[in-house]
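A.B. asks: Going down the list, the sequences are from chains A, B, C, D, E and F.
Counting in UniProt numbering, the first sequence runs without a single skipped number right up to 251 at its last residue.
Counting in UniProt numbering, the second sequence runs without a single skipped number right up to 251 at its last residue.
Counting in UniProt numbering, the third sequence runs without a single skipped number right up to 251 at its last residue.
Counting in UniProt numbering, the fourth sequence runs without a single skipped number right up to 251 at its last residue.
Counting in UniProt numbering, the fifth sequence runs without a single skipped number right up to 251 at its last residue.
Counting in UniProt numbering, the sixth sequence runs without a single skipped number right up to 251 at its last residue.
Watch out, some of these pointers could steer you wrong.
As the list claims (entries may be wrong) - Here are the simulated distance ranges between beta carbons:
(1) Pro13/D - Gly5/A: 54 to 60 Å
(2) Glu207/A - Pro49/B: 33 to 39 Å
(3) Glu231/D - Ser208/A: 23 to 29 Å
(4) Gln72/A - Tyr212/D: 37 to 43 Å
(5) Glu105/D - Glu171/F: 49 to 55 Å
(6) Glu224/C - Ser182/E: 50 to 56 Å
(7) His15/B - Ser213/D: 53 to 59 Å
(8) Glu246/C - His15/E: 36 to 42 Å
(9) Gly5/A - Ser220/D: 38 to 44 Å
(10) Glu17/D - Gly85/B: 50 to 56 Å
(11) Pro13/B - Glu207/A: 48 to 54 Å
Please keep in mind that the hints were generated in silico from the structure rather than gathered at the bench.
Cβ atoms here follow ideal geometry from the backbone N, Cα and C, with glycine treated the same way.
There are 6 protein chains.
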Amino acid sequence: MRFDGREPLQLRPVHIETNYLKNPEGSVLITVGDTKVICSASIEDRVPPFMRGEGKGWITAEYSMLPRATQQRTIRESSKGKVTGRTMEIQRLIGRALRAAVQLEAIGERTVWIDCDVIQADGGTRTASITGAFVAMALALENLYKTKKLKSFPITDFLAATSVGILESGEAVVDLNYPEDSAAHVDMNVVMTGSGEFVELQGTGEESTFSYSQLQELLSAAQEGLAKLFEIQKEALGGELSSLIESGKEE
Amino acid sequence: MRFDGREPLQLRPVHIETNYLKNPEGSVLITVGDTKVICSASIEDRVPPFMRGEGKGWITAEYSMLPRATQQRTIRESSKGKVTGRTMEIQRLIGRALRAAVQLEAIGERTVWIDCDVIQADGGTRTASITGAFVAMALALENLYKTKKLKSFPITDFLAATSVGILESGEAVVDLNYPEDSAAHVDMNVVMTGSGEFVELQGTGEESTFSYSQLQELLSAAQEGLAKLFEIQKEALGGELSSLIESGKEE
Amino acid sequence: MRFDGREPLQLRPVHIETNYLKNPEGSVLITVGDTKVICSASIEDRVPPFMRGEGKGWITAEYSMLPRATQQRTIRESSKGKVTGRTMEIQRLIGRALRAAVQLEAIGERTVWIDCDVIQADGGTRTASITGAFVAMALALENLYKTKKLKSFPITDFLAATSVGILESGEAVVDLNYPEDSAAHVDMNVVMTGSGEFVELQGTGEESTFSYSQLQELLSAAQEGLAKLFEIQKEALGGELSSLIESGKEE
Amino acid sequence: MRFDGREPLQLRPVHIETNYLKNPEGSVLITVGDTKVICSASIEDRVPPFMRGEGKGWITAEYSMLPRATQQRTIRESSKGKVTGRTMEIQRLIGRALRAAVQLEAIGERTVWIDCDVIQADGGTRTASITGAFVAMALALENLYKTKKLKSFPITDFLAATSVGILESGEAVVDLNYPEDSAAHVDMNVVMTGSGEFVELQGTGEESTFSYSQLQELLSAAQEGLAKLFEIQKEALGGELSSLIESGKEE
Amino acid sequence: MRFDGREPLQLRPVHIETNYLKNPEGSVLITVGDTKVICSASIEDRVPPFMRGEGKGWITAEYSMLPRATQQRTIRESSKGKVTGRTMEIQRLIGRALRAAVQLEAIGERTVWIDCDVIQADGGTRTASITGAFVAMALALENLYKTKKLKSFPITDFLAATSVGILESGEAVVDLNYPEDSAAHVDMNVVMTGSGEFVELQGTGEESTFSYSQLQELLSAAQEGLAKLFEIQKEALGGELSSLIESGKEE
Amino acid sequence: MRFDGREPLQLRPVHIETNYLKNPEGSVLITVGDTKVICSASIEDRVPPFMRGEGKGWITAEYSMLPRATQQRTIRESSKGKVTGRTMEIQRLIGRALRAAVQLEAIGERTVWIDCDVIQADGGTRTASITGAFVAMALALENLYKTKKLKSFPITDFLAATSVGILESGEAVVDLNYPEDSAAHVDMNVVMTGSGEFVELQGTGEESTFSYSQLQELLSAAQEGLAKLFEIQKEALGGELSSLIESGKEE
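Bound-form chain A, shown alone (with noise of 0.2 Å):
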């Protein structure tokens, strides 16, 4: 039995919240336990320099956190004058996951801004983003395609993200909140696609190692809680959209 009395294989209640903010593209809340995390996506009608002319868009994210979000006052990196080596890491991380489950050429030259801004952090605030972010993503292109500046709905797949370790018990566990992230011994976040893809995979002993066979249970208690995160993205998009994204992915 895990601190919070859940299976090892269960998550925490995750809902996601659409259209929560009024000004962005696309937007949602969602809550992942005491996670909270704002995920907006802006669609802005260029591209960075170095992709000019080639005809393709592209989607980068930011990511910060309230200072109170944490139990202890982080001080803000606007006021440190710069962001940390952790930020910037989660960030490439979100920002590269989107963009395998987006066929780029299909957006236009246009970019896709992710901003996930964290509220109340309670461990697994990056997998959050993503699974968030994925949404609030899929609902700005969604908007730009019924408008018709899309030829074609550039979502190729379904794609979320969570976290998977192993306890100081030895046993691997889905979903790991704050105090479960602090003493697991592995920690591994598994992005995948709705079709069982892998998109990214970190596993980190921090301090420690992991054998093969921890690995093969670790990536399958990660599939089990997927399986269950691409059920509610599905529910927050809604039948139509949804049905958008998964006829992208049969192309």
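Given the structure of chain A, go ahead and fit chains B, C, D, E and F onto it with the hints provided.
C.D. replies: What follows is chains B, C, D, E and F alone, placed relative to chain A:
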């Protein structure tokens, strides 16, 4: 009649949700029309270097906007590596205003960190921040007081803020939303105590000017709006904490 | 009686030396008691990117203090690598104030850069900066106008600033020096036009408050001091340029 | 057959020159094909503030590339005034990986600073950095151990890293050079201990995905390459130091 | 004959106004032709961390130009967020030069902060800064000495600086103004003591070279100009303080 | 006799390995005793903005030290977020020196980027950088010339640098290593052309001074050392390229 059908001296709907976050010692989500700000108050058990050994506390504020709080995406200050002049001006104002309603000696050598994060912006974010931050601070200090860490309750009066302005029609109005704010000839922010004393008055005729009689009209509009805001603060804080504040005022 | 023997409504000795530097299009050394500020106005033949193509000009200001303008040496902002909030607030105020006395369309797509460098500080550096910068700007624009680069003279009225405050004695005084400023309960900066219209009003009761009747007293003190400052500006600018400004006011 | 004629599971020629620099406590020049990295290990007799008093040591890494390590000259991060996200990600990875092979308690309150400076880059600079840095660190710690500053030898196992990927042909290969890396569908970095345990696994399908069976193929390719790298490390370190490490493993 | 009618070995008019500012322990306004620099010397009762406990003092300098000291407005270094290489070079030179004329042990653990702020620039700002800063420093140290805070007077000799150069005509001249400096083939700054010893020699043939005999000619021109500058320094410092310096020289 | 047994006018062993790196257009590893610097020259087909349209080229240099080039680890400038004054001074010197040996018109609108990265430091890193960078630049320009991108060979003479100083014994020596440099009373860097003309002369008596006769002694020591360095450069460059440079000198 105003853009959104309000009377000149009518505030937008205001709501203050207390204890919005689980980590900060005090927090609220304040909603003023479409403007939404998360305000949190964190207690740190030391003061900045320049105040050490004086036996009194300090209150300081930080203010930020999510990139898509605005209609056009705003670049993050953490990405730019510096805080804009506007942000600095606002966070200095919030801190200064709150300090006027608190006996700093009664806090002891502690710092109250105020964080105002604008989730959605539709005009009046700095005044909403002050009004909400006062409530978050009161909740945090109540906690300190109830756990016997303070000898007396340090808040001496209610404190709230609103904006007033003169529209192109020449009419003085209260609580301008973003379209009104952009079009107004004169824009004034007024911070007041529950007893009707001024704490801060900032009036500016950007590329315009205003007369003494217009000033009088603006101040009376502000007073009316603020009376309503104090009621909403009292309701959010509840009877017991409101009475504590009222008793501080009498001293 | 005040620290330095002045009457409540008496300014310190004010002197404006025009054309203090040889390079700027306009420059002054303004002396207000022991406060000394070099103000220069530079004309640049383009506007910032966000204003291009609008056919109007822009006025922007920068403010700085020499490290030993103050009693204790202040660290240079260039060494710290960033501009403080106080400096940003002041330079935004100077720019905004000056723009209220100029028809930006009449300048064409040009920027007037105002530089206010405080050589010696004894209170009231921001208001001395505004009063001096107005004269430097007038000299620079006169030059443009006389060389036929402008169709009409763009300045529409005189503009000056002073501080007022309420001393511990409860008395309202004008033009506070540094010891008065440090001890005052309320501090207010007033920017006005020669016609007596308000341009900017910034009153603050740092860790204190003020009543409506005190506000009225402060404003009337400001008005008296400003009347004297307009005379000094006229003398510094000379009859011909003063008339040009007066004629702009009439339009 | 690969671009450079190698077999799929064949490493490029690897050479580790120990004690390359005279000043650091440990240093190597590691050459992997045309990739060349100077790795140095410096011992500092204190730990960062957040670890003081815990009685254990810390290992941290910095990574940089000479501007012309690359085909096109890269702007120096010192000139830009900030470290890129890529660099931060790599230096966090190097530090985390090395910490997994060391008992931090056995170092005492000391910091091992690892510096990896890429002289020439042809793919795999982060994995070459880890493989080389392990050797530099072992040399530095051997020194501490031999001068009786440590009670036990703190390294618990060999540690090396390599990259694996899936080429456009669908073939899984080990130790990608730059042209292969740019064209690969999937790119994975694997850090392992001499005992065959995973320390870090980072697989990414940039704008692509990979299946479970491809993952298995990649991991088995990595294992083969790493076996060869451990041999090269042992040769570089010599019998005595290698035995010390082996004995740590047994504990 | 030179642009401005001077003889080759003739300085521009030099004037040193002592105690120009009221706050610093020592200050001057030095005027060299159209070049004007405010130099101030501030005494701080501690030394930088790297010198603590050595029982000796430190002298450090900062240099800056007002934006319109120059013909074209120069962007403020505080706005750019960094100090240029030219500024760094100059402030390192000023500090190093002054330290050569002072017995640092005799100051005790104090720092003399030199601030050189160029109000108007017409060539030779760094040499004017050194010549003026020496006087400001002497005034500040005299003060310390007279108030019995120092056992002996720490200045060991006069110190001044001038520039010399070779014009396009091939003639060696002293004290170049800006047009001469821009056109000169060789530019050399010479810092000397009152006894005729070199403290610093920086000669450069920007995109040009110079011979040994030209070097000799330049040095003799410098010597002549410096002799005049020492006289002007003595006059500014007065007989008593000049004697104090002379007596230090004899030791 | 010197610390390391050298005669006063004897250089340390100097070796220049050409084409040390595969990517830059020209590169060397220069070894001067224990000082080792990688110098590379990169050709960019444009000039900085301030030179566009003038039809001539530019040469600019950057200088850096690996953290453990020094006895104590030096913090990376990229981690500090800024370049130190010492680095700026050195890179400005290198660029200025090299420009004196090149006809910038003959390069066309191209920039030669010089990168000097100190791998190991034992005194004289800036002079070794200049001596090595000249060779790297010659190799890069030879390449341009041979591929017919230049009409004439732009280098007009050999160029090298060395340090000279006066030891505590009063003796003038050439090519100081780090212990000598730290103890020397006077330190001078001399940059000369193959024809014996001065390009740059920087002499400083840190907390000391030097006489005219000492200067003469230093310059003659420098000349002797430089004669040897020009021979080593010629050998490194080979007969053909050396002749090209010699012929440029004649013009």
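A.B. asks: Each hint: holds or not?
C.D. replies: Right, here's what the structure says about each hint:
{"no.": "1", "hint": "Pro13/D - Gly5/A: 54 to 60 Å", "verdict": "holds, 56 Å"}
{"no.": "2", "hint": "Glu207/A - Pro49/B: 33 to 39 Å", "verdict": "holds, 35 Å"}
{"no.": "3", "hint": "Glu231/D - Ser208/A: 23 to 29 Å", "verdict": "holds, 25 Å"}
{"no.": "4", "hint": "Gln72/A - Tyr212/D: 37 to 43 Å", "verdict": "holds, 40 Å"}
{"no.": "5", "hint": "Glu105/D - Glu171/F: 49 to 55 Å", "verdict": "holds, 53 Å"}
{"no.": "6", "hint": "Glu224/C - Ser182/E: 50 to 56 Å", "verdict": "holds, 52 Å"}
{"no.": "7", "hint": "His15/B - Ser213/D: 53 to 59 Å", "verdict": "holds, 55 Å"}
{"no.": "8", "hint": "Glu246/C - His15/E: 36 to 42 Å", "verdict": "holds, 40 Å"}
{"no.": "9", "hint": "Gly5/A - Ser220/D: 38 to 44 Å", "verdict": "holds, 39 Å"}
{"no.": "10", "hint": "Glu17/D - Gly85/B: 50 to 56 Å", "verdict": "holds, 54 Å"}
{"no.": "11", "hint": "Pro13/B - Glu207/A: 48 to 54 Å", "verdict": "holds, 52 Å"}
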